[in-house]
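*Asks:* Knowing the structure of chain E, use the given hints to seat chain Z on it.
If you read the sequences in order, they're chains E and Z. The working numbering puts the first residue of the first sequence at 1, with every later residue one more than the last. The working numbering puts the first residue of the second sequence at 1, with every later residue one more than the last.
It should be emphasised that the hints constitute simulated quantities derived from the structure, not laboratory data. Just so you know, not all the hints are guaranteed correct.
Stated by the list, open to error - Simulated coverage check for chain E against chain Z, where a stretch passes if three residues somewhere in it have a Cβ under 8 Å from a Cβ of chain Z: (1) 30-36; (2) 64-71; (3) 108-122; (4) 138-151.
We treat Cβ as the ideally placed atom computed from N, Cα and C, and that holds for glycine.
Number of protein chains: 2
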Amino acid sequence: MAKDAGGLTSRAEDFPRWYQEVVAGAEMAENGPVRGTMVIRPWGFGIWELLQGELDRRIKDAGAENAYFPLFIPEAFLGLEKEHVEGFSPETWVVTHGGGKPLEEPVVVRPTSETVVNHFFAKWIQSHRDLPLLVNQWSNVVRWEMRTRLFLRTSEFLWQEGHTAHATEQEATDYAVRILRDAYLDTIESVMRIPTFVGLKTDRERFAGAIRTWACEGMMGDGKALQLGTSHELGQNFARAFDIQYADESGARSYVHQTSWGASTRLIGGLIMVHGDDFGLRLPPALAPSQVVVMVVRADEHTDRASAAIADELRSAGLRVRIDDQTAASFGRRAIDWERKGVPVRIEIGPRDLAEDRAVVVRRFDRSKQSVGLSSLLAEVRSALERTSAVLHAEALAFREAHTTSVETLEEAVEAAAEGFAVLPASEVGEAGEDTLAGYGITVRCLQRADGSLPGVDEGDLSAVVGKSY
Amino acid sequence: MAKDAGGLTSRAEDFPRWYQEVVAGAEMAENGPVRGTMVIRPWGFGIWELLQGELDRRIKDAGAENAYFPLFIPEAFLGLEKEHVEGFSPETWVVTHGGGKPLEEPVVVRPTSETVVNHFFAKWIQSHRDLPLLVNQWSNVVRWEMRTRLFLRTSEFLWQEGHTAHATEQEATDYAVRILRDAYLDTIESVMRIPTFVGLKTDRERFAGAIRTWACEGMMGDGKALQLGTSHELGQNFARAFDIQYADESGARSYVHQTSWGASTRLIGGLIMVHGDDFGLRLPPALAPSQVVVMVVRADEHTDRASAAIADELRSAGLRVRIDDQTAASFGRRAIDWERKGVPVRIEIGPRDLAEDRAVVVRRFDRSKQSVGLSSLLAEVRSALERTSAVLHAEALAFREAHTTSVETLEEAVEAAAEGFAVLPASEVGEAGEDTLAGYGITVRCLQRADGSLPGVDEGDLSAVVGKSY
Numbered sequence: 001m002a003k004d005a006g007g008l009t010s011r012a013e014d015f016p017r018w019y020q021e022v023v024a025g026a027e028m029a030e031n032g033p034v035r036g037t038m039v040i041r042p043w044g045f046g047i048w049e050l051l052q053g054e055l056d057r058r059i060k061d062a063g064a065e066n067a068y069f070p071l072f073i074p075e076a077f078l079g080l081e082k083e084h085v086e087g088f089s090p091e092t093w094v095v096t097h098g099g100g101k102p103l104e105e106p107v108v109v110r111p112t113s114e115t116v117v118n119h120f121f122a123k124w125i126q127s128h129r130d131l132p133l134l135v136n137q138w139s140n141v142v143r144w145e146m147r148t149r150l151f152l153r154t155s156e157f158l159w160q161e162g163h164t165a166h167a168t169e170q171e172a173t174d175y176a177v178r179i180l181r182d183a184y185l186d187t188i189e190s191v192m193r194i195p196t197f198v199g200l201k202t203d204r205e206r207f208a209g210a211i212r213t214w215a216c217e218g219m220m221g222d223g224k225a226l227q228l229g230t231s232h233e234l235g236q237n238f239a240r241a242f243d244i245q246y247a248d249e250s251g252a253r254s255y256v257h258q259t260s261w262g263a264s265t266r267l268i269g270g271l272i273m274v275h276g277d278d279f280g281l282r283l284p285p286a287l288a289p290s291q292v293v294v295m296v297v298r299a300d301e302h303t304d305r306a307s308a309a310i311a312d313e314l315r316s317a318g319l320r321v322r323i324d325d326q327t328a329a330s331f332g333r334r335a336i337d338w339e340r341k342g343v344p345v346r347i348e349i350g351p352r353d354l355a356e357d358r359a360v361v362v363r364r365f366d367r368s369k370q371s372v373g374l375s376s377l378l379a380e381v382r383s384a385l386e387r388t389s390a391v392l393h394a395e396a397l398a399f400r401e402a403h404t405t406s407v408e409t410l411e412e413a414v415e416a417a418a419e420g421f422a423v424l425p426a427s428e429v430g431e432a433g434e435d436t437l438a439g440y441g442i443t444v445r446c447l448q449r450a451d452g453s454l455p456g457v458d459e460g461d462l463s464a465v466v467g468k469s470y
Numbered sequence: 001m002a003k004d005a006g007g008l009t010s011r012a013e014d015f016p017r018w019y020q021e022v023v024a025g026a027e028m029a030e031n032g033p034v035r036g037t038m039v040i041r042p043w044g045f046g047i048w049e050l051l052q053g054e055l056d057r058r059i060k061d062a063g064a065e066n067a068y069f070p071l072f073i074p075e076a077f078l079g080l081e082k083e084h085v086e087g088f089s090p091e092t093w094v095v096t097h098g099g100g101k102p103l104e105e106p107v108v109v110r111p112t113s114e115t116v117v118n119h120f121f122a123k124w125i126q127s128h129r130d131l132p133l134l135v136n137q138w139s140n141v142v143r144w145e146m147r148t149r150l151f152l153r154t155s156e157f158l159w160q161e162g163h164t165a166h167a168t169e170q171e172a173t174d175y176a177v178r179i180l181r182d183a184y185l186d187t188i189e190s191v192m193r194i195p196t197f198v199g200l201k202t203d204r205e206r207f208a209g210a211i212r213t214w215a216c217e218g219m220m221g222d223g224k225a226l227q228l229g230t231s232h233e234l235g236q237n238f239a240r241a242f243d244i245q246y247a248d249e250s251g252a253r254s255y256v257h258q259t260s261w262g263a264s265t266r267l268i269g270g271l272i273m274v275h276g277d278d279f280g281l282r283l284p285p286a287l288a289p290s291q292v293v294v295m296v297v298r299a300d301e302h303t304d305r306a307s308a309a310i311a312d313e314l315r316s317a318g319l320r321v322r323i324d325d326q327t328a329a330s331f332g333r334r335a336i337d338w339e340r341k342g343v344p345v346r347i348e349i350g351p352r353d354l355a356e357d358r359a360v361v362v363r364r365f366d367r368s369k370q371s372v373g374l375s376s377l378l379a380e381v382r383s384a385l386e387r388t389s390a391v392l393h394a395e396a397l398a399f400r401e402a403h404t405t406s407v408e409t410l411e412e413a414v415e416a417a418a419e420g421f422a423v424l425p426a427s428e429v430g431e432a433g434e435d436t437l438a439g440y441g442i443t444v445r446c447l448q449r450a451d452g453s454l455p456g457v458d459e460g461d462l463s464a465v466v467g468k469s470y
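So that you can see chain E by itself, here it is in the shape it has in the complex (with noise of 0.2 Å):
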């Protein structure tokens, strides 16, 4: 495929042109003919193959099952709970023919799955006995947007969205937290390697029919906040919307209690943003569709050979390895492309090399290069690919707490929220505060205890942490 032989605008010179610049040369998308939308090319697609992996298996061990409800949704479901609608309808797409003819009624595309998942609760939960119900999707939506940007805000979005229903408020809670921390917080930490914030939203930036919002929190590379994954507590909202009721064992009704939660494809754009330098992007190798390339210099019988056992050696060993012997393209030119795409280790097999059984390893995070001994060479990648995936995380913490600045007023939180985030009391923000900072396009980001661990719902003494974001 056609590329750009030159090198990428600079994160310092230009962050979004960079991000942009990114995004194509790693060959990860590109926007869709239609206004927003996008096309997941097969790298950018193969991390989310990875990453979806690494959610799903979480969500599964939290105890809920995968489903699948209907992309079309009647207009009206939508008006029945009465913050939900205004906070989404007008950002819907409406589908107003079909067969060639009007429709009836027309059918809205989700923008979310509250309304048509909590029609059909009503139907299944009868009794205490069918609690809880833990539900999850991994879906397309799309919402109307007037500014897209690839992966962070497109009009389409794959995502995952779970809904939950639970007999009592505190079992809500829990789910909600349980998610937030097992699946969406574990998942950033560990596997995209993002140091995260999380806590609660403020009432000004929950989510549109829920009664408390959390959300995980990173900090991009340029300073700003992305926000990563988000669990919310419905309370009885839609329970009274859609007549959700269950008998409890002497018979009586009460409304369940729910939850909904969501993460997607923007958590690429926090991956490139985060970890991504000026020689493109750099995986952390959890999700590296191929965490080695084996580069070969000049192709002939030996060094075809040599490679091929080099890659069965690796596979062998659990690695996801490619094979480059495309060597009808330039040596440099390939090398460019594969570091651009973030592949963790490079092995170059040269002809010199190989006559004295060695082979260069290069890391991508560094890009160090070291001369190796063939049979050395797994402990070597290993090595390179353990070390990769501390150094990401050690250099993101390490930048978030550089531009992470604790303040005492707002006066002060707005001066350190140029450069990154502040972090104030939650006392001295309030509604008021909020006012004040989105004069300057600042948010709270969520609210949290000094230690940063998740506070407790009623629990008065919070830090907010304020920032800019996308």
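*Replies:* For chain Z alone, kept in the frame of chain E given last:
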């Protein structure tokens, strides 16, 4: 969840009604609120996830990579390939409004993605080095349907659609056949355990825009055919419509040769209709979300510990196991529910059996019960699963053979197709013959060699498999 306590309609009495009752009774799916749409419930979706995994692995083994193309397609795209638009235009759902306003150009919700994929192939393919380009996507698609039936024909369904481009027609033919055989046929036979006819479609039955369509066809329990997977050679039709050309080594430009291929949630309908019996679904072990259910007859500490130990032992051996300790419901009711869901093996743990270190193993396929010593439980379960897999295929094959008749003339074919399939020389059918058959609601399902192997493209001496179809 509320369940009908009564039995199912028998297959012999009313097959379509039996099908609907199995889909509902096994909690696999139900109708969505918008015309023809479907909710896939966790049990049905669990089957789909396993089937997806099997297909996905085989598709990747054939060299294709997953990607994602947009749901929304500009209406004008559909018109670029003449046969394609004639085939799909009457079936589309059209979005005319977004963000509260009319769109400048209406967009079609994808009925299939040839047009939008090939719009991008034209950008990505420049040189022979970009070929072959092998892409697959898992997605939802929508089509306007007059009469819908869960899984078999729904307005929205889930599927995978593969799209490829090759330098030569031979390579395209080979790849279309490779997917048909290595991905579809192998999954349908060895995983779904459905005996399958494979072959070419006639011109009348081929995909809108293709030059050749290859198909897998199964016989359902009522003798009708269900198309289970199709692989199309598109020739250069889309390449010309979307201007997809590559430069060969000399720099001369040519249009690519293409394929597309798909399999959908319809496969689940086939699974039900081939293997189900009067007690519900019977699942091949490879597609059972739970292969074994350990049923606690009466809960007490000793029984709970024993069932946990049994489940652990089976899980360690790699089996998917669920414990049913919902003893508030009657044992008989629970047994019927697992039977309907088609779980291949039930282990019933009663206090008296347990006192003798025994349990009862029930095979779903023949409903046989056997008391088994706990020390040989794993071996017995494994053997029951293997037997299930073998018997389901053997029974389906015997049924198909009993309902397939070799005939010499169209008249005989019409008579035989009242009960199942007729096989006759393709030369006896022809276009006029297809018209005649159509008058009886009969179609040519595929053209194949006498020995059932895949025919060569230009081979004259073919048999036609004809029958009524879903």
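*Asks:* Each hint should be assessed against the structure and marked as holding or not.
*Replies:* Taking the hints in turn, this is what the structure says about them:
no.: 1; hint: 30-36; in the structure: holds (count 5)
no.: 2; hint: 64-71; in the structure: holds (count 7)
no.: 3; hint: 108-122; in the structure: holds (count 4)
no.: 4; hint: 138-151; in the structure: holds (count 5)
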